[in-house]
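K.L.:
Those protein sequences? They're chains A and B, same order as listed.
This note's numbering runs 3 ahead of the 1-based position in the first sequence.
This note's numbering runs 431 ahead of the 1-based position in the second sequence.
None of these hints come from the bench; they were simulated from the model.
Just to be clear, a hint being listed does not mean it is correct.
As the list claims (entries may be wrong) - To be clear about the criterion: a stretch of chain A counts as covered by chain B if any three or more of its residues have a C-beta under 8 Å from a C-beta of chain B, and this derived list gives those stretches:
1. 38 to 52
2. 105 to 115
Stated by the list, open to error - Here are the simulated lysine-lysine pairs, PhoX-like style, with alpha carbons at most 25 Å apart:
3. B/K473 to A/K8
4. A/K71 to B/K473
5. B/K473 to A/K74
6. B/K473 to B/K509
7. B/K488 to A/K8
8. A/K109 to B/K488
9. A/K71 to A/K8
10. A/K109 to B/K473
11. B/K473 to A/K112
12. B/K514 to B/K473
13. A/K109 to B/K514
Unchecked claim - If you want the ones that stay clear, here's a sample from chain A, every Cβ over 10 Å from chain B, calculated:
14. N10
15. I21
16. D27
17. T66
18. S88
Glycine included, each C-beta is placed from N, C-alpha and C at the ideal position.
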Amino acid sequence: DQQVKQNSPSLSVQEGRISILNCDYTNSMFDYFLWYKKYPAEGPTFLISISSIKDKNEDGRFTVFLNKSAKHLSLHIVPSQPGDSAVYFCAARSSGAGSYQLTFGKGTKLSVIP
Amino acid sequence: EPEVTQTPSHQVTQMGQEVILRCVPISNHLYFYWYRQILGQKVEFLVSFYNNEISEKSEIFDDQFSVERPDGSNFTLKIRSTKLEDSAMYFCASSEALGLGETQYFGPGTRLLVL
Numbered sequence: 004d005q006q007v008k009q010n011s012p013s014l015s016v017q018e019g020r021i022s023i024l025n026c027d028y029t030n031s032m033f034d035y036f037l038w039y040k041k042y043p044a045e046g047p048t049f050l051i052s053i054s055s056i057k058d059k060n061e062d063g064r065f066t067v068f069l070n071k072s073a074k075h076l077s078l079h080i081v082p083s084q085p086g087d088s089a090v091y092f093c094a095a096r097s098s099g100a101g102s103y104q105l106t107f108g109k110g111t112k113l114s115v116i117p
Numbered sequence: 432e433p434e435v436t437q438t439p440s441h442q443v444t445q446m447g448q449e450v451i452l453r454c455v456p457i458s459n460h461l462y463f464y465w466y467r468q469i470l471g472q473k474v475e476f477l478v479s480f481y482n483n484e485i486s487e488k489s490e491i492f493d494d495q496f497s498v499e500r501p502d503g504s505n506f507t508l509k510i511r512s513t514k515l516e517d518s519a520m521y522f523c524a525s526s527e528a529l530g531l532g533e534t535q536y537f538g539p540g541t542r543l544l545v546l
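Using the sequences plus the hints, can you model the full thing?
P.N.:
Right, dumping it as structure tokens:
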């Protein structure tokens, strides 16, 4: 049951360039999406979110884009920095259905090369 | 910045033993969650808790699991009789409310190893 899919297990990007992490979902009831960053031996750290009524949300170097018709979202990091190297999880929930549990993707390991 | 804390960071136990994992959510948060991540797999939802009651639970959260808020600050997950397949990272999370824009903040996790 893969309602949230992150098809790229890993991504390498040069410092200063753009990192684009992708996420697809299948459940049309999802109405809120979040990105978390996780370092080894730590818990997921909230990064940025977007509700289904928007198609873009920006916070500093991080921008999340949502394409509801394609059931696709992406996280853009620009410029990428070595400290961004971590595992990035996409998560979704269907608040409108009265559920607040998060459904996670498997994660994408981002390596930013100095 | 307020954060969710969890103890212990690591726990090793024998199969069949009971374990209690502890969490201190962010102080003004009212909604609490447990998730787990088996090595190499996704983070999976276990249970959510509000107003001293379970509000939602997954299929994973069977009768071997229970949650409790024994006082005003702690939130615990008990596994009554551990199995090998319970070995995982267990994450506690909390959120201030349940509105559309509410974010869940996660603790650092407890690594449970069942032998």
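K.L.:
Against each hint, give a clear statement of whether it holds in the structure.
P.N.:
Hints versus structure:
Coverage of a stretch by a chain is defined here by at least three residues with a beta carbon nearer than 8 Å to that chain's beta carbons; for the region 38 to 52 of chain A and chain B the count is 8, and the condition holds. Restraint check on the region 105 to 115 of chain A versus chain B: 6 residues with Cβ-Cβ distances below 8 Å, three needed, restraint holds. Only pairs whose Cα atoms come within 25 Å are accepted, and B/K473 paired with A/K8 is accepted, the gap being roughly 10 Å. Simply put, A/K71 and B/K473 have alpha-carbon atoms about 23 Å apart, close enough for the 25 Å limit, and the pair holds.
Restraint check for B/K473 and A/K74: satisfied, since their Cα atoms lie roughly 20 Å apart, inside the 25 Å limit. For the hint pairing B/K473 with B/K509, the CA-to-CA distance comes to about 21 Å; that is within 25 Å, so the pair holds. A hinted pair counts as satisfied when its Cα atoms are at most 25 Å apart, and B/K488 with A/K8 qualifies at roughly 22 Å. Distance check on the hinted pair: A/K109 and B/K488 sit about 21 Å apart at the alpha-carbon level, within 25 Å; holds.
Between A/K71 and A/K8 the alpha-carbon distance is near 15 Å, which keeps this suggested pair within the 25 Å criterion. With a C-alpha separation of about 5 Å, the suggested pairing of A/K109 with B/K473 holds against the 25 Å cut-off. Note on B/K473 and A/K112: the hinted pairing holds, with a Cα-Cα distance of about 13 Å set against a maximum of 25 Å. As the CA atoms of B/K514 and B/K473 are separated by approximately 19 Å, the hinted pair is consistent with the 25 Å bound.
Taken as a hint, the A/K109 and B/K514 pair is honoured in the structure, with Cα atoms around 24 Å apart against an allowance of 25 Å. The non-interface label for A/N10 is consistent with chain B: the shortest C-beta to C-beta separation is roughly 13 Å, beyond 10 Å. Distance check for A/I21 against chain B: the nearest CB is about 25 Å away, which clears 10 Å, and the non-interface claim stands. In this structure A/D27 is separated from chain B by more than 10 Å, as the shortest Cβ-Cβ distance comes to about 14 Å.
With a least beta-carbon separation of about 17 Å from chain B, A/T66 lies farther than 10 Å from that chain, consistent with its non-interface assignment. With a least beta-carbon separation of about 18 Å from chain B, A/S88 lies farther than 10 Å from that chain, consistent with its non-interface assignment.
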